[in-house]
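K.L.:
Use the sequences and the hints to build the structure in full.
Those protein sequences? They're chains A and B, same order as listed.
The numbering used here puts the first residue of the first sequence at 2, with every later residue one more than the last.
The numbering used here puts the first residue of the second sequence at 2, with every later residue one more than the last.
These aren't lab readings, by the way, just hints derived from the structure by calculation.
Small disclaimer: the values here were computed from a predicted structure and weren't measured.
We put the beta carbon where it would ideally sit given N, CA and C, even for glycine.
Some clues are possibly wrong.
As the list claims (entries may be wrong) - Straight-line C-alpha distance at most 30 Å; calculated BS3-like pairs for lysine-lysine:
1. Lys177/B - Lys323/A
2. Lys35/A - Lys323/B
3. Lys271/A - Lys35/A
4. Lys177/B - Lys77/B
5. Lys271/A - Lys271/B
6. Lys35/B - Lys323/A
7. Lys323/B - Lys271/A
As the list claims (entries may be wrong) - Over 12 Å on every C-beta distance to chain B, these chain A residues come out as not near it, computed from the model:
8. Asp47
9. Gly54
10. Gly112
11. Gly252
12. Val254
13. Arg317
There are 2 protein chains.
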Amino acid sequence: MTDTKFGVVGIGNAIVDIIARCDEAFLSNHGMEKGFMRLISADQADELYGDVGTAIEQSGGSAANTCAGIASFGGKCAFIGRVAGDQFGNVFAHDIRAIGVAYDTPSLDAGLPTARCLVLVTPDGERTMNTFLGASTQLGASDMDGDRITSAQVTYLEGYLFDKDEAKAAFHEAAKLARTAGRKVALTLSDAFCVDRHRNDFLSFVRGGVDILFANESEITSLYQMNSFDDAAGAVRAECEIAVLTRSEAGAVIISGNDTILVPAEPVEKVADATGAGDLYAAGFLYGLTQDRSLEECGKLGALAASEIISHIGARPEVSLKELAQQNGLLS
Amino acid sequence: MTDTKFGVVGIGNAIVDIIARCDEAFLSNHGMEKGFMRLISADQADELYGDVGTAIEQSGGSAANTCAGIASFGGKCAFIGRVAGDQFGNVFAHDIRAIGVAYDTPSLDAGLPTARCLVLVTPDGERTMNTFLGASTQLGASDMDGDRITSAQVTYLEGYLFDKDEAKAAFHEAAKLARTAGRKVALTLSDAFCVDRHRNDFLSFVRGGVDILFANESEITSLYQMNSFDDAAGAVRAECEIAVLTRSEAGAVIISGNDTILVPAEPVEKVADATGAGDLYAAGFLYGLTQDRSLEECGKLGALAASEIISHIGARPEVSLKELAQQNGLLS
Numbered sequence: 002m003t004d005t006k007f008g009v010v011g012i013g014n015a016i017v018d019i020i021a022r023c024d025e026a027f028l029s030n031h032g033m034e035k036g037f038m039r040l041i042s043a044d045q046a047d048e049l050y051g052d053v054g055t056a057i058e059q060s061g062g063s064a065a066n067t068c069a070g071i072a073s074f075g076g077k078c079a080f081i082g083r084v085a086g087d088q089f090g091n092v093f094a095h096d097i098r099a100i101g102v103a104y105d106t107p108s109l110d111a112g113l114p115t116a117r118c119l120v121l122v123t124p125d126g127e128r129t130m131n132t133f134l135g136a137s138t139q140l141g142a143s144d145m146d147g148d149r150i151t152s153a154q155v156t157y158l159e160g161y162l163f164d165k166d167e168a169k170a171a172f173h174e175a176a177k178l179a180r181t182a183g184r185k186v187a188l189t190l191s192d193a194f195c196v197d198r199h200r201n202d203f204l205s206f207v208r209g210g211v212d213i214l215f216a217n218e219s220e221i222t223s224l225y226q227m228n229s230f231d232d233a234a235g236a237v238r239a240e241c242e243i244a245v246l247t248r249s250e251a252g253a254v255i256i257s258g259n260d261t262i263l264v265p266a267e268p269v270e271k272v273a274d275a276t277g278a279g280d281l282y283a284a285g286f287l288y289g290l291t292q293d294r295s296l297e298e299c300g301k302l303g304a305l306a307a308s309e310i311i312s313h314i315g316a317r318p319e320v321s322l323k324e325l326a327q328q329n330g331l332l333s
Numbered sequence: 002m003t004d005t006k007f008g009v010v011g012i013g014n015a016i017v018d019i020i021a022r023c024d025e026a027f028l029s030n031h032g033m034e035k036g037f038m039r040l041i042s043a044d045q046a047d048e049l050y051g052d053v054g055t056a057i058e059q060s061g062g063s064a065a066n067t068c069a070g071i072a073s074f075g076g077k078c079a080f081i082g083r084v085a086g087d088q089f090g091n092v093f094a095h096d097i098r099a100i101g102v103a104y105d106t107p108s109l110d111a112g113l114p115t116a117r118c119l120v121l122v123t124p125d126g127e128r129t130m131n132t133f134l135g136a137s138t139q140l141g142a143s144d145m146d147g148d149r150i151t152s153a154q155v156t157y158l159e160g161y162l163f164d165k166d167e168a169k170a171a172f173h174e175a176a177k178l179a180r181t182a183g184r185k186v187a188l189t190l191s192d193a194f195c196v197d198r199h200r201n202d203f204l205s206f207v208r209g210g211v212d213i214l215f216a217n218e219s220e221i222t223s224l225y226q227m228n229s230f231d232d233a234a235g236a237v238r239a240e241c242e243i244a245v246l247t248r249s250e251a252g253a254v255i256i257s258g259n260d261t262i263l264v265p266a267e268p269v270e271k272v273a274d275a276t277g278a279g280d281l282y283a284a285g286f287l288y289g290l291t292q293d294r295s296l297e298e299c300g301k302l303g304a305l306a307a308s309e310i311i312s313h314i315g316a317r318p319e320v321s322l323k324e325l326a327q328q329n330g331l332l333s
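P.N.:
Right, dumping it as structure tokens:
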């Protein structure tokens, strides 16, 4: 790709995760669909927090996790998303900058607090998320930093932004800026229920020019309302330059033109917490892509990053992904 | 001991830990003494935070960690300490209640934010702490809940409170209430530099009637200004009913009257983070004591709790200490 200041600019919700363990019964007693994300109000967040056990707090947010992962590989990356000027906002801004991501979206002065996500981890390592979007929703088209977007090879957007109209407008603005500058637009579908809530908008956005699409099995079949993964994979082949379809421990399928590349998952001893698996897969993939690696190598970098993140609690890398990739012979 | 509502009421600073990894050079470059605690201002905290890498946040505070540990053993426990009505205050209050500790100190309405401690963990697992006391300092004699103190077998005080005059006054008030009601007073010396800052106050407090004293090697030798551990152990024998002297991997020495009981440390595969080792030793010991266990059994419960806490990041137990003690044959 052309020489640019940033490999990737990520745009998404700026969230602090509150991570607690729970059993399966807790999820069903509280009306949650295991493995998915639901939006909750401030009152619901307070009530649910009162019911969960002791927790830890750590920066999160889907695209923000991806940016942190790219920076951990050594990639140049920027993030756009809004926090409030409160303690969680400080935590979010500190962590994303500390890992080396350029971040300067002004924080919200008053009103909504920084977004938080109650992440409930069941004994099998699966995560179920309850998000209060707070200040994250106050991100509009005027926040889309044209300089930053046009100076990045790839503009990466998280589907969760579709849940708020203002953020959706920002989303379209960012994509327009990127396309006009001849940059690539990447999108992650984020969550099958999110796709279900906004299917037509997603389809029209994808058809309007998404170059690189990330989705897991339930998201891609939801997008095309097809029962079979293979059918959905066939549908996306005609619409995107590259589609990266992840299937958890079954690995990923990368579709591009006539090519179909299968990349096995990197084995892990035990899944401690699946939070961030998709985000970090995207991090490895996009880092590889901006370094002009082959699609198979991009997939392997994604699989490696995902394996690191699911081996511990939290969605931010605990080791240098660059060093990990070097140890695994994927980077020199 | 007599039948009471609570086994232990802990009184201390109400702190949220911000835990980050760093190398040895980072400590010396920032003028820190490895393994100790220093107090910093709000500005210093902000500046230092800007220099550290990505972090996680978790409830902390010395006596609060001890209370959390006692509750995890199944003990009835209460905590007195002050947070502000901010996000970190919510985190602290949530976590201590979620583990089963009674906590109802009103939060500070305005002014100082909730206390935070930048905990820096070096590759050897040792922790070095930088504390901004914030709202924690706004704890006075009038906050000492007489009902709660007199209804607990043991009132447990952390030495760190000596760093602020108002909290020190609260400390004396709590001890007076406990003694008058015929309850036991326990004290942890907290930190050798803290002892050094307030040696005469500590000595007069210990001589005024501390029944159970917790200290590590550097703290007890600092208290008595003796070079030898054995000499300091001899000095404390004359002054306290029970002294619990911890020596990291060399185990603990429990001194009571003419008895000297050596309790080996519980081996761990790798020390991930030493934060909370002393706090959790005290938790196991005090839980045993309030259950009328022998001093040796109390020491073994302390060693087990400490081994759990140093095997992972953070100073709050990740498993039920009750179940862990059952698996190790220490509880039925």
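K.L.:
Say whether it holds or is violated: Gly112/A keeps its Cβ farther than 12 Å from all Cβ of chain B.
P.N.:
Holds: least Cβ distance 15 Å, greater than 12 Å.
K.L.:
Asp47/A: least C-beta distance to chain B exceeds 12 Å?
P.N.:
Given a closest Cβ separation of 9 Å, the condition is violated.
K.L.:
Holds or violated: Lys323/B and Lys271/A, Cα atoms, limit 30 Å.
P.N.:
Holds, at about 25 Å.
K.L.:
Taking C-beta pairs only, is Gly54/A more than 12 Å away from all of chain B?
P.N.:
5 Å, violated
K.L.:
Is it true that the CA of Lys177/B sits at most 30 Å from the CA of Lys77/B?
P.N.:
Given that 30 Å is the threshold and the Cα spacing comes to 22 Å, the pair holds.
K.L.:
Take a quick look at Arg317/A and tell me if its Cβ sits farther than 12 Å from every Cβ on chain B, holds or violated.
P.N.:
Answer for Arg317/A: violated, closest chain B Cβ roughly 6 Å.
K.L.:
Closest CB-CB distance from Gly252/A to chain B, is it above 12 Å?
P.N.:
Check passes; 28 Å lies beyond 12 Å.
K.L.:
Straight-line Cα separation of Lys35/A and Lys323/B no greater than 30 Å?
P.N.:
Holds, at about 29 Å.
K.L.:
Please work out if Lys271/A and Lys35/A have their alpha carbons no farther apart than 30 Å.
P.N.:
19 Å, holds
K.L.:
Starting from Lys35/B, check that the Cα of Lys323/A is at most 30 Å away, please.
P.N.:
29 Å, holds
K.L.:
Between Lys177/B and Lys323/A, is the straight-line Cα distance small enough, at 30 Å or below?
P.N.:
58 Å, violated
K.L.:
For the pair we were handed, Lys271/A and Lys271/B, check the Cα-Cα distance against 30 Å.
P.N.:
19 Å, holds
Consistency with the previously given hints fails for numbers 1, 8, 9 and 13, ordered from lowest to highest.
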